[in-house]
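Visitor: Keeping the supplied structure of chain A fixed, place chain B upon it in accordance with the hints.
Note that the protein sequences, when read in sequence, are chains A and B.
As numbered in my numbering, residues 27 to 138 make up the first sequence, in order.
As numbered in my numbering, residues 429 to 541 make up the second sequence, in order.
Wrong hints could be hidden among the right ones.
Said to hold, decoys possible - Far from chain A, by Cβ distances over 12 Å, these chain B residues were calculated:
no.	residue
1	E431
2	W450
3	S455
4	D479
5	D484
6	P489
7	E511
8	M517
9	A521
As the list claims (entries may be wrong) - Calculated lysine-lysine pairs in the BS3-like style (CA-CA distance at most 30 Å, straight line):
no.	chain 1	residue 1	chain 2	residue 2
10	B	K490	B	K506
11	A	K94	A	K27
12	B	K439	B	K506
13	B	K439	B	K490
14	A	K27	B	K506
15	B	K439	B	K499
16	A	K94	B	K490
17	A	K94	B	K443
18	A	K68	B	K506
19	B	K439	A	K94
20	A	K68	B	K499
21	A	K94	B	K506
22	B	K506	B	K443
23	B	K490	B	K443
24	A	K68	A	K27
Claimed, not checked - Quick partial rundown of chain B residues pointing at chain A, CB under 8 Å, derived from the structure:
no.	residue
25	Q469
26	P509
27	L512
Calculated from the structure, these hints are not laboratory results.
Keep in mind that this is a model prediction, so the values were computed, not measured.
Using N, Cα and C, we set each Cβ at its ideal position, and we do this for glycine too.
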Amino acid sequence: KQEVTQIPAALSVPEGENLVLNCSFTDSAIYNLQWFRQDPGKGLTSLLLIQSSQREQTSGRLNASLDKSSGRSTLYIAASQPGDSATYLCASEGTGANNLFFGTGTRLTVIP
Amino acid sequence: EAEVAQSPRYKITEKSQAVAFWCDPISGHATLYWYRQILGQGPELLVQFQDESVVDDSQLPKDRFSAERLKGVDSTLKIQPAELGDSAMYLCASSPRTRNIQYFGAGTRLSVL
Numbered sequence: 027k028q029e030v031t032q033i034p035a036a037l038s039v040p041e042g043e044n045l046v047l048n049c050s051f052t053d054s055a056i057y058n059l060q061w062f063r064q065d066p067g068k069g070l071t072s073l074l075l076i077q078s079s080q081r082e083q084t085s086g087r088l089n090a091s092l093d094k095s096s097g098r099s100t101l102y103i104a105a106s107q108p109g110d111s112a113t114y115l116c117a118s119e120g121t122g123a124n125n126l127f128f129g130t131g132t133r134l135t136v137i138p
Numbered sequence: 429e430a431e432v433a434q435s436p437r438y439k440i441t442e443k444s445q446a447v448a449f450w451c452d453p454i455s456g457h458a459t460l461y462w463y464r465q466i467l468g469q470g471p472e473l474l475v476q477f478q479d480e481s482v483v484d485d486s487q488l489p490k491d492r493f494s495a496e497r498l499k500g501v502d503s504t505l506k507i508q509p510a511e512l513g514d515s516a517m518y519l520c521a522s523s524p525r526t527r528n529i530q531y532f533g534a535g536t537r538l539s540v541l
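Chain A with its partners taken away, still in its complex shape (with noise of 0.2 Å):
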């Protein structure tokens, strides 16, 4: 079965702050790799969504990468705003089944 794993579990940086969230899963066998945010109380919405023949995807101030051969996966958020705090989870998708295996999660915190 897959494993998820994300760290750090909670990051505080000021805004304004370049960050990096990571994930890294254990079976490079994936079909795609999603990141989602959720804020408190909240479903999941959808950030990028890499497929597995991509490196990275990139969505305004958000960046995303993939190396299936290391089983990683960054977030790169620029430019932080307070309205970027809320939690990232990342989520594969196998190439056989096709539900998603989700990380715990990093809780960002964003200082003004």
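Guide: Same frame as chain A, now just chain B:
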């Protein structure tokens, strides 16, 4: 903008009672997922539907949980009887087809006392 609708948002029940959650996916989305998210953890898939058929329910505790999507549109997840360990957020998601971005609803937070 189309959204996945879930109700109720919150549910408090006593153990051994029955509870039911409802999900209405985005119109036209063939694939529907139910996830359970325990506080501080990532969501885990309970059941996946393709139209009205169950594709994967390997992680669904079938002795107490049931799910249906009779007409291939909205879906109901039921727990009977509820146990203390069932306290969690229950999330519904849909996608146009498999291998695509999943759109999540706001979830139902269940507290079993």
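Visitor: It remains to establish, for every hint, whether it holds in the given structure.
Guide: Now the hints, each set against the structure:
Not every beta carbon of chain A lies more than 12 Å from that of E431/B, the smallest distance being close to 9 Å; the non-interface claim is violated. With a least CB separation of 15 Å from chain A, W450/B remains clear of the 12 Å interface cut-off, as annotated. Every beta carbon of chain A lies more than 12 Å from that of S455/B, the smallest distance being close to 18 Å; the non-interface claim holds. No Cβ of chain A approaches the Cβ of D479/B within 12 Å, the least distance being about 15 Å, so the stated non-interface status holds.
At roughly 6 Å from the closest C-beta of chain A, the C-beta of D484/B falls inside 12 Å, breaking its exclusion from the interface. The beta carbon of P489/B sits about 16 Å from the closest Cβ of chain A, which is more than 12 Å, so the claim that it is off the interface holds. Listed as outside the interface, E511/B is consistent with that label: its C-beta sits roughly 22 Å from the nearest C-beta of chain A, beyond the 12 Å cut-off. The Cβ of M517/B does not lie farther than 12 Å from every Cβ of chain A; its closest approach is about 8 Å, which violates its non-interface assignment.
Its closest Cβ contact with chain A, about 8 Å, brings A521/B to no more than 12 Å, contrary to its assignment away from the interface. For the hint pairing K490/B with K506/B, the CA-to-CA distance comes to about 10 Å; that is within 30 Å, so the pair holds. For the given pair, K94/A sits about 16 Å from K27/A by alpha-carbon distance, which is consistent with the 30 Å threshold. Proximity of K439/B to K506/B is assessed by CA-CA distance (about 13 Å); at most 30 Å being required, the pair is judged to hold.
Distance check on the hinted pair: K439/B and K490/B sit about 21 Å apart at the alpha-carbon level, within 30 Å; holds. Among the hinted pairs, K27/A with K506/B is consistent with the structure: their alpha-carbon atoms are about 26 Å apart, no more than 30 Å. Using a Cα cut-off of 30 Å, the hinted pair K439/B and K499/B holds, with the two alpha carbons roughly 25 Å apart. Proximity of K94/A to K490/B is assessed by CA-CA distance (about 35 Å); at most 30 Å being required, the pair is judged violated.
Restraint check for K94/A and K443/B: the C-alpha separation of about 44 Å exceeds 30 Å, so the hint is violated. Proximity of K68/A to K506/B is assessed by CA-CA distance (about 21 Å); at most 30 Å being required, the pair is judged to hold. Pair hint K439/B plus K94/A does not hold up; C-alpha atoms about 41 Å apart against a cutoff of 30 Å. Among the hinted pairs, K68/A with K499/B is consistent with the structure: their alpha-carbon atoms are about 27 Å apart, no more than 30 Å.
For a cut-off of 30 Å, the pair hint linking K94/A to K506/B is broken: about 38 Å separates their Cα positions. Under the criterion of a C-alpha separation no larger than 30 Å, the hint pairing K506/B with K443/B is consistent with the structure, at around 14 Å. Under the criterion of a C-alpha separation no larger than 30 Å, the hint pairing K490/B with K443/B is consistent with the structure, at around 17 Å. Distance restraint check for K68/A and K27/A: the Cα-Cα separation of roughly 27 Å lies within the 30 Å cut-off, and the hinted pair is therefore satisfied.
This hint holds: Q469/B has a C-beta 5 Å from the nearest C-beta of chain A, less than the 8 Å allowed. With a least beta-carbon distance of about 26 Å to chain A, the hint placing P509/B at the interface is violated under the 8 Å criterion. Hint status for L512/B relative to chain A: violated, with the closest Cβ pair at about 21 Å, above 8 Å.
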